[in-house]
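**Student:** Protein chains in written order, with our numbering: chain A, 80 to 209; chain B, -18 to 221.
Just to be clear, a hint being listed does not mean it is correct.
Stated by the list, open to error - 20 Å max Cα-Cα, derived SDA-like pairs, lysine to any residue:
| no. | chain 1 | residue 1 | chain 2 | residue 2 |
| --- | --- | --- | --- | --- |
| 1 | B | Lys15 | A | Ala166 |
| 2 | A | Lys114 | B | Lys127 |
| 3 | A | Lys114 | A | Ala166 |
| 4 | A | Lys114 | B | Ile34 |
| 5 | A | Lys114 | B | Phe27 |
| 6 | B | Lys15 | A | Val187 |
| 7 | B | Lys15 | A | Ala178 |
| 8 | B | Lys15 | A | His164 |
| 9 | B | Lys15 | B | Phe35 |
| 10 | B | Lys67 | B | Trp53 |
| 11 | B | Lys67 | A | Phe136 |
| 12 | B | Lys67 | A | Met165 |
| 13 | A | Lys114 | B | Ala105 |
| 14 | B | Lys15 | A | Tyr174 |
| 15 | B | Lys67 | A | Ala171 |
| 16 | B | Lys127 | B | Gly141 |
| 17 | B | Lys15 | A | Ala173 |
| 18 | B | Lys15 | A | Phe136 |
| 19 | B | Lys191 | B | Gly(-1) |
| 20 | B | Lys15 | B | Gly(-1) |
| 21 | B | Lys15 | A | Lys114 |
| 22 | B | Lys15 | A | Leu132 |
| 23 | B | Lys127 | B | Arg97 |
| 24 | A | Lys114 | B | Arg102 |
| 25 | B | Lys15 | B | Phe27 |
Read the hints as simulated data drawn from the structure, not as lab findings.
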Amino acid sequence: MTNAALPMEGQLQAHAHDAVAVPAVHTKGQQHPIKLYLVVWGWLFVLSTCSYLVDYFGLHGYLRWSLILLFMVLKAGLIVAVFMHMAWERLALAYAILAPPIAVLVFVAIMVLESEYTHLLRVLFFAAPS
Amino acid sequence: MAETVLTTSGQSPARPEGWRGIAADWASDQRAFKNVSWGKAMMWIFLLSDTFIFSCFLLSYMTARMSTTVPWPNPSEVFALNFAGKQIPLILIAIMTFILISSSGTMAMAVNFGYRRDRVRTAALMLVTAAFGATFVGMQAFEWTKLIREGVRPWGNPWGAEQFGSSFFMITGFHGTHVTIGVIFLIAIARKVLRGDFDVGRRGFFTSRKGYYEIVEIMGLYWHFVDLVWVFIFALFYLW
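Using the sequences plus the hints, can you model the full thing?
**Tutor:** This is how it looks when you write it as structure tokens:
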């Protein structure tokens, strides 16, 4: 291969051993302009600064919680979608990886109820409420 | 006849997209992940299992914190550092966060240069990533030392609920281990890139398989995951 074919050569090389090569997908595959990464990098910095400032200014209550969770989800989304290239994968892979963690959210809901119940029992029978 | 030639040449027709694509990919009597190599698919599946491990740690931390009647130590004060006579809350953790994000940025660019077969830049960016990672681990060691000197133990601490120590050491320790392993692998693969293993198809020492530049992307997936986990730890442990 000549140097002109460089951008997709790596991908082709990587999959040359696979029986099913689908070059059409790879050409737009994991070769993206550097600028995109720099923009995402910048956004991650901004979002991290924002979530740090939430603590620095001592915000409290629902405002603090919603801001922290919002910045967290945005950062996680940017990392998974762009840095880990999930935005460009086929849905069969994306859903296989991204759907199972929904079970974790269910688990969170269960444990929130459970720990509130435990806390209630402890307040009622053992200690003064915090 | 023309169709027969088409199928035997190894070219598969265009795959459907969207929901039909999912059904078609999974239902066919072949591999489900059509354009993803086994290495990348297995890394994703490993990361999914790691997600569950970290989720369990964070969940048990959440349960301990929500159900205790003893006040939880305020992370904002516990992790404050004294700079020029002023207590700045969480500053070390903030710097660690920026360092890890920067390492993710350099890693993403290393993947990019890897696919362009730019050996020197790929290896250099991977080594920068490893240096950021090592810095992160170093700062974590500093943080641990500081807390242990102040009397934080897995079974107690001077400020409040006992579970603070065990949650902290378990979660950040496990994450730090991941970072350390990542640094080791980054250096190993950067060496292979620099030596040109992936250009000449040199076989690896353990599996004696040929390496490809895709290894850099798979390494990148792991590294970004480490950063991803830190996003959750930062939000849920330090900022709560």
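**Student:** Against the structure, test the hints numbered earlier, and report the numbers of the ones violated in rising order.
**Tutor:** The structure breaks hints 2, 4, 5, 6, 9, 10, 12, 15, 18, 19, 21, 22 and 23; every other hint is satisfied.
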